[in-house]
Amino acid sequence: MVRTGTPSLVNELGLDRLASLAIMGLGKNAGKTTVLNHIVRACSQSDFSRVLALTSVGRDGEDEDLVTGGMKPRIFVKEGWLAATARGSVGKCDAVLEILALTGIHTATGEIAIARARSGGYLELAGPSIAQDLSLCEKLLRREEPDCLFLVDGALDRKSQAGGGLTQAVVLVAGMANAASMEGLAEKTAAQASLLTLPSMAEADRLAVQVAMDERPGARAVITGEGGTVRRVLEMPSLVGHEKQVAESLLPDDRVLLLRGAVTERLVDALLSTGGIQGMTLAAEDGTRFFITARTLARLERQKVKLAVLHELQLPAVFVNPARRDGSLADEKELVKTVRSVVDLPVFEMGPTLD
Amino acid sequence: MILINRQDRERLGLSQALEACRCMTPQGKRLKAKYRYFGPDERPLLEAELSAVDQLAEYVKHHPLELRNGQGLLAHFRDLRGTVAGLSKNRTLDLTELFEIKQAVRLLHKLLKMSGLLAKADITIHPLPELEALLDPRELGTSGFYLYDDYSPKLVSFRQSRTELEKRMEKTQGEERAELLVQRSQLLAGEGEEETAVRAALSGQLAPFADRLSDNLQAVGQLDFRLAKAQMALRWGASKPDLLEGGEAVILEQFHHPVIEDHLSARGTAYERQTTALARGTTVLTGANMGGKSVTLKAMTLSVLMIHLGYFPPADYAASPLFGFVSYSSDYFDTTKRGLSTFASEVVKIRDDIRQARQMPGFVVLDEPLRGTNPQEATALVGALCRFYASLPGVLVLATHYEVPAGEGIRHLRLRGIQTGDLKEIMEITKDPPPDEEAVRRIEALMDYSIETIDGSAAVPAGAIRVARWLGLDSGVFEYLEEQE
Chain A
1 MVRTGTPSLV NELGLDRLAS LAIMGLGKNA GKTTVLNHIV RACSQSDFSR
51 VLALTSVGRD GEDEDLVTGG MKPRIFVKEG WLAATARGSV GKCDAVLEIL
101 ALTGIHTATG EIAIARARSG GYLELAGPSI AQDLSLCEKL LRREEPDCLF
151 LVDGALDRKS QAGGGLTQAV VLVAGMANAA SMEGLAEKTA AQASLLTLPS
201 MAEADRLAVQ VAMDERPGAR AVITGEGGTV RRVLEMPSLV GHEKQVAESL
251 LPDDRVLLLR GAVTERLVDA LLSTGGIQGM TLAAEDGTRF FITARTLARL
301 ERQKVKLAVL HELQLPAVFV NPARRDGSLA DEKELVKTVR SVVDLPVFEM
351 GPTLD
Chain B
356 MILINRQDRE RLGLSQALEA CRCMTPQGKR LKAKYRYFGP DERPLLEAEL
406 SAVDQLAEYV KHHPLELRNG QGLLAHFRDL RGTVAGLSKN RTLDLTELFE
456 IKQAVRLLHK LLKMSGLLAK ADITIHPLPE LEALLDPREL GTSGFYLYDD
506 YSPKLVSFRQ SRTELEKRME KTQGEERAEL LVQRSQLLAG EGEEETAVRA
556 ALSGQLAPFA DRLSDNLQAV GQLDFRLAKA QMALRWGASK PDLLEGGEAV
606 ILEQFHHPVI EDHLSARGTA YERQTTALAR GTTVLTGANM GGKSVTLKAM
656 TLSVLMIHLG YFPPADYAAS PLFGFVSYSS DYFDTTKRGL STFASEVVKI
706 RDDIRQARQM PGFVVLDEPL RGTNPQEATA LVGALCRFYA SLPGVLVLAT
756 HYEVPAGEGI RHLRLRGIQT GDLKEIMEIT KDPPPDEEAV RRIEALMDYS
806 IETIDGSAAV PAGAIRVARW LGLDSGVFEY LEEQE
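Chains A and B, in that order, give the protein sequences.
Once you know that position 167 of the first sequence is 167 in the working numbering, the rest is easy, because the numbers rise by one and skip nothing.
For the working numbering, count along the second sequence from 1 and bump the result up by 355.
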């Protein structure tokens, strides 16, 4: 069994081959930041030579990371590494920071700055909360270090507007804080893992949809027919509140429905109730955009609905965290075993919380 | 000064027209948002402003690369009011604020090298070598900023001790590590204190230059604003207006309203540009319904107002004396918010304009005043108003359907409108009225919007009934009309 925090994690996760990686939690207090710290430590202790560029996403005002005891993730960085973090957090970092740019992205904790660590030390990460801003941060970080590994302490949350297609890969962190039992956690993890690894839609559809979305930035749903022809584009401020409208827009012979935004239980309910989705492909920007349970997945399967994504994600591993919400610990080995029995991916135990 | 209320400003389309003046810096945007008005006693200042824009327009036309480079620099300037104010008040700046100042100083240094652009724009930027040295002690020439070791030997010692300690920590576990963590916290506390002391000292050294930095940033705003004005002028094909002596006539050749022109062009309709002269006294503009009176008044006002705001107006050529104020009012049917009746609102506005016009020459534009009033009384009032303004040193332009008699200082202009024969012809082609949009389009296509001067008083234009018929008004109404005739 591979333990976290060891240099071999670099190989296990294939970090050498990745341009960007997000760490997603199955829910609140899953332990994302601890995993991020393990990955970061693995990089600094191995002969991994690339510069790490770190940021966090979607935690404006969230009371996250009770596990690590702070509001914002604190990561120990090496000299030379980069970060995108808010001005309000710059003063709380103990690494010597060189400010390289101010991004014009404003958050509750101030404008996001691009900085380089001029010494080792802790960084407090408070990054942007919307997709466009995250992608601007990556661009500015790559202006400094084109070959950096962009690591995002992410949020898997339907309210997050983080969008899709932002990183090449994700790792999923499943904590006992996110389920009532080990079996429950294993089932949730398996369902989420299958969503995160959904295959890309057919090439013709993918190209057609991409063109349609580029032409109409307000597009929330794109419907294609035979051979990737775009049949309809629905523009609306958000998918939320327009579930019925989306469901009723489907016509016979429609092949693919791509949704731009969170694909929620409510939305899938609406699609299944009108029946128009039967036999179609339901697609989202990437696997992080689906917020549906295993039961709903099964319902979609019964209606012969295939799921696909615009941007395929790599999911190199799942991490499990035995810490329950009340602070007690589940049996770590048992937990790994239970999750591994239903998830066909490397499953790593959490390892100790790092100081 | 500008005597135009919020709704009328919107109707006039001033801010929309000025969207074409695209400033890049926060400083330039602020200058633009001030709507600085140049009155008659500021003629030399306005002349200098317009000349700078003129020279700049000519220069960037032939130096596109320098324009691009200049704009590339301008795009990076930030709003530093808070930081510079902090510096003036001897506040200790934080790391990002020090970075902001370094970035501004670097940009100013680069901008200083664009001597051609600065000279044409009549802008002076003062070099700040002292700040450059303070914020780049190692002369690295890099854009980033951190608390360099050079600032304090004490800081160096703290940093070295911490790095050594962290290296030891990597190899230790348990109690030994816990002990090292405690030592690290102590070092960090000392390091933090020293960092604060370094920032305070550096802020103190920078403070004496706060005013010069602020002046430079102001100059950057001025350069940006003038550059944006010059580019707008080039896009519009507008030329530098001539500033005339008080009492001379306003001349507007091929003037237009760019926002309305764009709007019409999007609909596939051409905008007919106009030419006119507006002499001191009263000018009465008449024309048929849909004849373009309101658009003409808006475009005229826009041009005259833009000259007073230091822009090149949207016209092939413009010349104007400077007025103490520009007033424009167009529609008093929407006055519920002010709690005054339509009539009261109009009279209050007219009263205020006159009060002002007695003090200084004004450019006053009234679009169909008193149109909701008893026609007999309104005709008398409008006539009196025209005669009153005829004796004042400013200009009154009004559009009206009421008959205004000829008199000294009162001139009549008329928009040609649709010639009777044309309308008759197209009305005979189709018996059924076309869809509204199409009807409006056809009427617009037939309209002749050119302005002609009328000797004596203008006959009240007719044609409203014909247009109403063409727009498909119920034939029952026309039967009664014929009865009345």
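Be careful, since some hints might not be right.
[As the list claims (entries may be wrong)] Cβ-to-Cβ under 7 angstroms is the rule here; a few derived chain A residues that face chain B: (1) Val10; (2) Glu12; (3) Asp16; (4) Leu18; (5) Arg87; (6) Gly88; (7) Val90; (8) Thr103; (9) Arg118; (10) Ala298.
[To be verified] Below, in silico cross-link-like pairs of lysine to aspartate or glutamate (EDC-like), each with a Cα-Cα straight-line distance of 16 angstroms or less: (11) A:Lys28 - A:Asp326; (12) A:Lys78 - A:Asp94; (13) A:Lys337 - A:Asp326; (14) A:Lys78 - A:Glu145; (15) B:Lys509 - B:Glu548; (16) B:Lys465 - B:Glu487; (17) A:Lys306 - A:Asp254; (18) B:Lys509 - B:Asp566; (19) A:Lys78 - B:Glu487; (20) A:Lys78 - B:Glu519; (21) B:Lys522 - A:Glu79; (22) A:Lys92 - B:Glu548; (23) A:Lys92 - B:Asp566; (24) A:Lys78 - B:Asp566; (25) A:Lys337 - A:Glu145; (26) B:Lys595 - B:Glu413; (27) A:Lys304 - A:Asp326; (28) A:Lys92 - B:Glu485; (29) B:Lys384 - B:Glu374; (30) B:Lys509 - B:Asp449; (31) B:Lys444 - B:Asp566.
[As the list claims (entries may be wrong)] Which residues of chain A face chain B? A partial, calculated answer using Cβ under 10 angstroms: (32) Val96; (33) Leu100; (34) Gly110; (35) Ala113; (36) Ser119; (37) Leu136; (38) Glu138; (39) Leu140; (40) Ala190.
These are computed hints drawn from the structure, not numbers from a lab.
Note that this is a predicted model, so its numbers are computed, not measured.
Even glycine gets a Cβ: it sits at the ideal position worked out from N, Cα and C.
For each hint, the structure was consulted:
Given hint, A:Val10 at the interface with chain B, is violated; its Cβ is 17 angstroms from that chain's nearest Cβ, farther than 7 angstroms. Hint status for A:Glu12: violated, given a least beta-carbon distance of 21 angstroms to chain B, over 7 angstroms. Given the 7 angstroms rule on beta carbons, the hint for A:Asp16 is violated: about 22 angstroms separates it from the nearest Cβ of chain B. A hinted interface residue such as A:Leu18 counts as satisfied when its beta carbon comes closer than 7 angstroms to some beta carbon of chain B; here the least separation is about 25 angstroms, so the hint is violated.
A cut of 7 angstroms between beta carbons decides the hint on A:Arg87: the least distance to chain B is about 5 angstroms, and the hint holds. For A:Gly88, the shortest C-beta to C-beta distance to chain B is roughly 10 angstroms, which exceeds 7 angstroms, and the interface hint is violated. Proximity of A:Val90 to chain B holds as hinted, the smallest CB-CB distance being about 6 angstroms (cut-off 7 angstroms). At about 11 angstroms, the closest approach between the beta carbon of A:Thr103 and any beta carbon in chain B exceeds 7 angstroms, and the interface hint on this residue is violated.
With its C-beta approaching chain B no nearer than about 5 angstroms, A:Arg118 sits inside the 7 angstroms limit, and its interface hint holds. For A:Ala298, the shortest C-beta to C-beta distance to chain B is roughly 48 angstroms, which exceeds 7 angstroms, and the interface hint is violated. Proximity of A:Lys28 to A:Asp326 is assessed by CA-CA distance (about 13 angstroms); at most 16 angstroms being required, the pair is judged to hold. Our distance criterion of 16 angstroms between C-alpha atoms is met by A:Lys78 and A:Asp94, whose separation comes to about 12 angstroms.
Between A:Lys337 and A:Asp326 the CA atoms are separated by roughly 22 angstroms; this puts the pair beyond 16 angstroms, and the hint is violated. Restraint check for A:Lys78 and A:Glu145: the C-alpha separation of about 15 angstroms stays at or below 16 angstroms, so the hint holds. Using a Cα cut-off of 16 angstroms, the hinted pair B:Lys509 and B:Glu548 holds, with the two alpha carbons roughly 11 angstroms apart. About 12 angstroms separates the Cα atoms of B:Lys465 and B:Glu487, which keeps this hinted pair within 16 angstroms; it holds.
At most 16 angstroms may separate the alpha-carbon atoms for a hinted pair to count; A:Lys306 and A:Asp254 meet this at roughly 13 angstroms. The hinted pair formed by B:Lys509 and B:Asp566 fails the criterion: a straight-line CA distance of about 31 angstroms is larger than 16 angstroms. For the hint linking A:Lys78 to B:Glu487, the alpha-carbon distance of about 29 angstroms lies beyond 16 angstroms, and the restraint is violated. Using a Cα cut-off of 16 angstroms, the hinted pair A:Lys78 and B:Glu519 holds, with the two alpha carbons roughly 13 angstroms apart.
Between B:Lys522 and A:Glu79 the alpha-carbon distance is near 12 angstroms, which keeps this suggested pair within the 16 angstroms criterion. A distance of roughly 13 angstroms separates the Cα atoms of A:Lys92 and B:Glu548; the hinted pair therefore holds under the 16 angstroms criterion. With a C-alpha separation of about 31 angstroms, the suggested pair A:Lys92 and B:Asp566 falls outside the 16 angstroms cut-off, and the hint is violated. Annotation: proposed proximity of A:Lys78 to B:Asp566 is violated, straight-line Cα distance about 40 angstroms (limit 16 angstroms).
For the given pair, A:Lys337 sits about 40 angstroms from A:Glu145 by alpha-carbon distance, which is inconsistent with the 16 angstroms threshold. As the CA atoms of B:Lys595 and B:Glu413 are separated by approximately 11 angstroms, the hinted pair is consistent with the 16 angstroms bound. For the proposed pair A:Lys304 and A:Asp326, the alpha carbon gap of about 41 angstroms is over 16 angstroms, so the pair is violated. Annotation: proposed proximity of A:Lys92 to B:Glu485 is violated, straight-line Cα distance about 30 angstroms (limit 16 angstroms).
Note on B:Lys384 and B:Glu374: the hinted pairing holds, with a Cα-Cα distance of about 11 angstroms set against a maximum of 16 angstroms. For the hint pairing B:Lys509 with B:Asp449, the CA-to-CA distance comes to about 19 angstroms; that exceeds 16 angstroms, so the pair is violated. For the hint linking B:Lys444 to B:Asp566, the alpha-carbon distance of about 11 angstroms falls within 16 angstroms, and the restraint holds. Hint status for A:Val96 relative to chain B: holds, with the closest Cβ pair at about 6 angstroms, below 10 angstroms.
The beta carbon of A:Leu100 is positioned within 10 angstroms of a beta carbon in chain B (closest approach about 4 angstroms), and the interface hint is therefore held. Taking 10 angstroms as the C-beta cut-off, the interface hint given for A:Gly110 holds, the closest approach to chain B being about 8 angstroms. At about 6 angstroms, the closest approach between the beta carbon of A:Ala113 and any beta carbon in chain B falls short of 10 angstroms, and the interface hint on this residue holds. Restraint check, A:Ser119 versus chain B: the minimum CB separation of about 6 angstroms is within 10 angstroms; hint holds.
A cut of 10 angstroms between beta carbons decides the hint on A:Leu136: the least distance to chain B is about 15 angstroms, and the hint is violated. Because the smallest distance between the Cβ of A:Glu138 and any Cβ of chain B comes to about 18 angstroms, over 10 angstroms, the interface hint for this residue is violated. The restraint placing A:Leu140 at the interface with chain B is violated, with a minimum CB-CB distance near 12 angstroms, outside the 10 angstroms limit. Taken as an interface hint, A:Ala190 does not check out: its beta carbon lies about 36 angstroms from the nearest beta carbon of chain B, beyond 10 angstroms.
The structure is inconsistent with the numbered hints 1, 2, 3, 4, 6, 8, 10, 13, 18, 19, 23, 24, 25, 27, 28, 30, 37, 38, 39, 40, although it conforms to all the rest.
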